[in-house]
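There are 4 protein chains.
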Amino acid sequence: MSMNSFGHLFRVTTWGESHGPALGATVDGCPPGITIDEAMIQQWLDKRKPGQNKFTTQRREPDQVKILSGVFEGQTTGTPVQLMIENTDQRSKDYGDIMDKFRPGHADITYWQKYGIRDYRGGGRSSARETASRVAAGGLAREAIRQIAPNVQITGYMTQIGPHKIDRGNFDWSQIEQNPFWTPDAQAAEDWANYLDVLRKSGNSVGAIVEVVARGVPAGIGAPVYAKLDTDLAAAMMSINAVKGVEIGEGMAAAELTGEANADEIFMGQNGPQYSSNHAGGILGGISTGQDIVVRFAVKPTSSILTTRKTITKSGEETEIITKGRHDPCVGIRAVPVGEAMMACVILDHLLLHRGQIGENRGRIG
Amino acid sequence: MSMNSFGHLFRVTTWGESHGPALGATVDGCPPGITIDEAMIQQWLDKRKPGQNKFTTQRREPDQVKILSGVFEGQTTGTPVQLMIENTDQRSKDYGDIMDKFRPGHADITYWQKYGIRDYRGGGRSSARETASRVAAGGLAREAIRQIAPNVQITGYMTQIGPHKIDRGNFDWSQIEQNPFWTPDAQAAEDWANYLDVLRKSGNSVGAIVEVVARGVPAGIGAPVYAKLDTDLAAAMMSINAVKGVEIGEGMAAAELTGEANADEIFMGQNGPQYSSNHAGGILGGISTGQDIVVRFAVKPTSSILTTRKTITKSGEETEIITKGRHDPCVGIRAVPVGEAMMACVILDHLLLHRGQIGENRGRIG
Amino acid sequence: MSMNSFGHLFRVTTWGESHGPALGATVDGCPPGITIDEAMIQQWLDKRKPGQNKFTTQRREPDQVKILSGVFEGQTTGTPVQLMIENTDQRSKDYGDIMDKFRPGHADITYWQKYGIRDYRGGGRSSARETASRVAAGGLAREAIRQIAPNVQITGYMTQIGPHKIDRGNFDWSQIEQNPFWTPDAQAAEDWANYLDVLRKSGNSVGAIVEVVARGVPAGIGAPVYAKLDTDLAAAMMSINAVKGVEIGEGMAAAELTGEANADEIFMGQNGPQYSSNHAGGILGGISTGQDIVVRFAVKPTSSILTTRKTITKSGEETEIITKGRHDPCVGIRAVPVGEAMMACVILDHLLLHRGQIGENRGRIG
Amino acid sequence: MSMNSFGHLFRVTTWGESHGPALGATVDGCPPGITIDEAMIQQWLDKRKPGQNKFTTQRREPDQVKILSGVFEGQTTGTPVQLMIENTDQRSKDYGDIMDKFRPGHADITYWQKYGIRDYRGGGRSSARETASRVAAGGLAREAIRQIAPNVQITGYMTQIGPHKIDRGNFDWSQIEQNPFWTPDAQAAEDWANYLDVLRKSGNSVGAIVEVVARGVPAGIGAPVYAKLDTDLAAAMMSINAVKGVEIGEGMAAAELTGEANADEIFMGQNGPQYSSNHAGGILGGISTGQDIVVRFAVKPTSSILTTRKTITKSGEETEIITKGRHDPCVGIRAVPVGEAMMACVILDHLLLHRGQIGENRGRIG
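Residue numbers (the numbering used here), protein chains in the order written: chain A, 1 to 366; chain B, 1 to 366; chain C, 1 to 366; chain D, 1 to 366.
Please keep in mind that the hints were generated in silico from the structure rather than gathered at the bench.
As the structure is a computational prediction, the values presented were derived from the model and not from experiment.
Heads up, none of these hints are tricks.
If several chains are the same, the list does not tell them apart, and a pair holds so long as it fits within one copy or across any two.
Derived EDC-like pairs: lysine to aspartate or glutamate, alpha-carbon spacing no greater than 20 angstroms straight-line:
1) LYS66 <-> GLU86
2) LYS324 <-> GLU265
3) LYS310 <-> ASP100
4) LYS324 <-> GLU260
5) LYS314 <-> GLU265
Can you build the whole structure from these sequences, using the hints too?
This is the structure in structure tokens:
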């Protein structure tokens with residue numbers, strides 16, 4: 001048991017703080033013979049990298065990943081893969097004020113209450129920089145999936161910023177890479193840019209909703225009842241910084257459906273069962289149906305804002321705080337590649353887990 | 001690693017099928033010296049028991065728990081506690097039709113695709129009867145919590161059935177035990193009874209939302225970054241049958257908040273920090289703040305309904321299905337004690353985990 | 001993490017005390033589709049059962065196993081298999097004297113010091129009766145192995161009782177089932193019978209060495225560096241009651257060998273590599289070579305003897321103790337089927353683990 | 001579950017190959033507030049470091065540890081501690097011959113058969129260099145133990161090289177640091193030096209036995225029945241490269257004892273129970289008695305020797321091999337600090353585990 005690890009067979013342990021020498025991911029259980037190099041992982045880190053546009057933090061980190069172990073002559077060897085990212089832009093003077101004060105809505109106070117010590121520089125371990133390690137591990141997971149289940153495609157995108165939702169009627173997969181919000185609704189991207197610009201200038205921040213879809217996942221992946229695919233996805237997404245809610249398929253809206261409306265009717269297609277709808281989000285009883293796996297999560301607004309908030313000091317005195325420094329007006333944006341990475345890790349893990357328990361002898365229909 | 005286990009130090013493994021000889025929970029890691037007997041656990045099982053009113057399945061199971069190990073002279077010994085519930089009312093003829101057909105919205109098809117074999121009687125392992133095991137384990141967890149952190153109170157209640165939400169203005173803790181829905185809004189209880197009666201007679205079902213609150217949890221419980229308190233709670237709730245969404249504090253609505261609105265301001269109270277609000281749901285950075293821990297989850301409608309739905313057979317032929325038998329028009333009702341049980345197990349587990357890593361030397365404020 | 005569980009994918013959790021209502025094993029992760037019934041497991045329990053001859057305890061327990069879950073129509077379903085053995089012969093008056101006194105060489109005192117409470121009836125959880133649960137789980141593991149790797153044969157036997165070792169020159173596999181000691185040396189069996197008879201009548205006990213061999217295990221099973229096949233076997237055997245030493249291949253005698261003598265030279269056979277010798281015990285770098293896997297463990301003498309020994313009471317007063325009751329003069333005898341069961345569980349677990357990480361694409365030679 | 005991790009709450013994951021850029025240990029679950037710096041860890045690495053005398057490999061690695069995370073202002077923060085050691089002396093041309101040939105007695109062939117790929121440079125992941133990571137983690141464990149259980153002292157030493165055992169009558173703790181073999185018998189140290197010198201010059205190698213003792217461990221540490229203290233110690237020691245046997249207390253010799261001889265009689269001392277002897281090696285029922293915890297393990301001779309041995313190539317052709325390069329004539333010597341490190345990690349882990357489940361309310365005697 002490790003509190004900084006996730007996954008059953010493809011097991012990722014992340015380590016490192018925002019302003020220490022480095023951070024990274026120790027990845028154990030990766031299948032051998034996967035073709036991988038640093039560039040293949042770097043592409044995903046670049047997607048998450050800060051400072052790419054005015055809607056993300058202006059901290060400039062190259063976030064260059066190094067493979068320290070587990071890869072030989074361009075292939076994984078089956079032994080642990082160490083992925084390290086050195087910290088380079090550590091303007092720690094920005095954080096002087098939070099040495100003694102707790103930022104409302106931030107983990108400052110709970111780390112202190114738990115450990116009695118805390119690395120206050122940039123949030124230390126509670127910083128969203130930790131998610132770079134996840135993205136690196138996810139890059140490796142994607143390549144392993146490509147070999148084991150080549151039809152799987154994992155795509156994340158934003159569906160809401162603040163009160164502004166996308167119009168599902170405008171959904172266009174090809175738009176996702178075309179705007180800084182990774183949203184499939186081109187019109188929403190324009191509207192959001194204006195909205196967020198005003199917000200950013202006022203020193204405020206806002207929440208968002210991210211949806212991640214895995215297409216082409218074979219039926220039968222997942223394991224009841226406490227390693228369900230949806231259980232593991234819920235844990236994976238909820239573990240991301242600032243996430244406050246996770247939904248599978250209909251999600252919270254399932255409460256409003258009747259049994260008649262909710263039941264995805266089943267038909268027989270050329271290559272197996274097909275469904276009239278996907279309220280289930282591709283998962284029944286914790287096991288994949290072969291439909292799209294649909295996960296959605298809400299990211300709360302950054303707590304580091306330029307508005308004065310009331311708080312207390314470590315010695316218990318009441319005071320006020322403004323968080324200067326370089327922050328994201330909407331951390332939800334950079335959560336998109338993080339959500340994709342977590343999806344990739346969970347899917348790969350369950351592909352291996354299924355193969356371990358059951359091999360290739362799955363139940364056939366028809 | 002066990003796919004049917006949850007928890008780190010207080011570790012629960014459930015086993016058993018709906019229509020086998022018995023089901024139960026193997027509970028490892030319980031602290032020794034906890035006063036416990038079967039009646040103390042039975043009270044929680046009785047709360048979940050079917051057939052108590054017309055809104056839950058008419059299957060009549062006494063759900064009588066037996067303690068087979070780990071308790072000596074009325075106290076836990078620190079060794080595994082085996083909690084067994086024998087199945088008695090197994091009218092399996094009701095399930096004949098689903099031997100060969102898959103119920104839409106049910107795990108029938110995915111179990112078949114995964115394992116190539118499935119106990120079709122009453123859903124087998126995928127039946128909600130499995131949750132009786134959780135409630136039994138939760139009963140033990142509550143008694144252990146009482147000894148370790150006596151101020152903790154765990155209470156679940158319904159906040160929504162179908163489209164009908166409670167009015168938070170009517171919230172009254174004392175009402176929760178007064179109606180068959182465990183809802184704190186007496187007016188809602190009346191309205192829901194009428195609504196559900198119509199639905200039940202039509203052979204349909206509907207979803208619901210359950211909220212579980214843990215009051216009195218000390219600050220500092222939880223462990224970043226993959227054993228976060230909210231991560232473990234999300235996994236625990238999502239693992240419950242039919243759950244499709246989990247929220248902490250503001251949940252999905254956090255997406256709509258600005259950073260200014262979301263930040264729970266901090267003041268200094270007599271006994272430590274106090275907050276102006278609880279958008280965070282009592283958890284920051286995965287660690288408890290000392291405020292109420294608030295979790296909410298959506299339960300989808302039962303898939304076993306009296307309406308004809310299109311489906312296929314095991315051999316791939318298209319057909320139709322009506323699920324006769326005795327089912328819940330709203331499984332969300334009986335999910336209330338299950339959600340409470342999962343909350344109890346997670347809280348206890350993290351109390352032990354914290355004590356293991358850190359002992360009593362927590363950080364103090366003021 | 002569960003302290004009463006072992007195995008990675010094939011995960012066994014045992015529960016129960018010597019004189020409680022029942023004990024058993026919760027087995028998670030078993031492959032589906034394994035043909036199994038109670039009789040197939042019972043045969044192994046019968047081998048371990050007490051009271052079969054004068055060299056084992058005269059306690060008479062039928063040790064009848066019941067399958068409570070995870071099996072449907074004669075096949076495993078892939079969900080947890082609960083194997084329960086009810087306790088029937090609980091002559092607890094025999095144990096009255098040890099309520100307050102600690103038996104030297106027994107876990108009485110440490111359980112008390114750890115938990116502050118202990119089930120003193122028959123040793124409670126520390127009783128060797130717990131090994132019945134292992135044997136039941138091992139019976140299931142054997143059937144699963146039969147399907148996945150049908151050439152594997154697992155056989156245990158005694159090689160030493162007290163100072164009396166077998167003569168390896170007399171080794172005859174067919175003798176193992178022919179004597180109460182499961183020893184391959186017919187002459188040793190005769191000598192030991194006389195030796196043990198004298199010892200038994202004097203109320204004394206003695207230690208033994210058991211060897212367990214797995215033949216036909218494919219090369220490539222095991223996983224460096226902390227889930228090595230030898231690591232897991234060492235843990236599995238050391239976890240058996242009264243075991244004080246574990247050896248792989250040459251074992252402790254490896255200390256006396258030179259590198260030249262120790263290196264098993266490699267040749268090319270019809271079906272892959274062959275070796276000039278097997279000092280390694282079939283494991284190199286934690287991974288199987290395809291040779292016989294050879295594990296040996298020493299069992300200390302029963303601490304429950306009829307000789308007066310000095311001890312203290314729970315309140316710290318010095319006193320003496322004689323342990324009456326029905327005990328084994330050499331617990332090593334009944335440890336043979338237990339060692340076989342642990343070997344079966346470990347081998348199956350690693351077959352699944354290998355398949356999970358690597359599938360069928362192993363390295364080929366030649 | 002991670003195959004490269006060990007420990008329950010104090011959890012160590014090692015990574016890295018002999019000739020990659022670096023290797024290290026990711027340590028999760030360390031208590032916060034432990035004073036630590038690189039020098040405090042370096043002292044133990046220096047003890048294990050090669051090239052210190054003519055009896056260990058002449059490879060010259062500074063083995064300089066860097067702390068990359070989890071420590072702030074000289075104290076652990078409770079988050080993962082990353083300990084990295086960069087590889088500097090990578091004379092990989094020495095290993096050219098083993099690209100295609102398998103060294104008898106080495107993991108070359110099994111890694112190939114398992115993974116179908118292997119980093120042949122210096123043995124890759126199977127190299128004893130991996131043990132540097134363990135020693136680093138052990139250094140941290142020692143400091144944490146110092147805070148939690150300050151009386152604990154952990155000391156390893158050699159008791160046998162080849163056929164030459166120490167004379168227990170000469171045992172002198174103060175001698176251990178005075179000779180290159182870390183042996184408490186000064187006479188043996190002299191004899192061994194001559195013996196090993198001859199062996200080394202002939203290009204041969206030899207096995208050894210190492211004993212590790214933990215003094216001052218409080219009674220009550222350990223957890224039946226599969227996380228027993230002796231189980232975890234057996235696994236920890238057996239996981240060390242080249243170890244073939246593990247003993248607790250009497251070890252394999254327990255087979256020769258009668259129950260009367262084996263029972264350590266109990267008396268009442270000033271500070272709790274005392275024992276007439278320690279056949280048990282300080283552990284009963286998997287739980288510490290408060291006596292010295294005594295573990296012994298056998299290390300086989302290095303398989304890399306200058307004698308010609310028969311082997312095969314990757315393509316299955318029979319051939320011969322001589323392993324040139326820089327190797328240890330007796331790897332057992334450098335296994336001493338490794339064994340100490342594993343003991344430290346296991347003891348700390350169980351101190352935390354005990355505190356987690358039970359807190360401070362242990363059973364008292366008298």
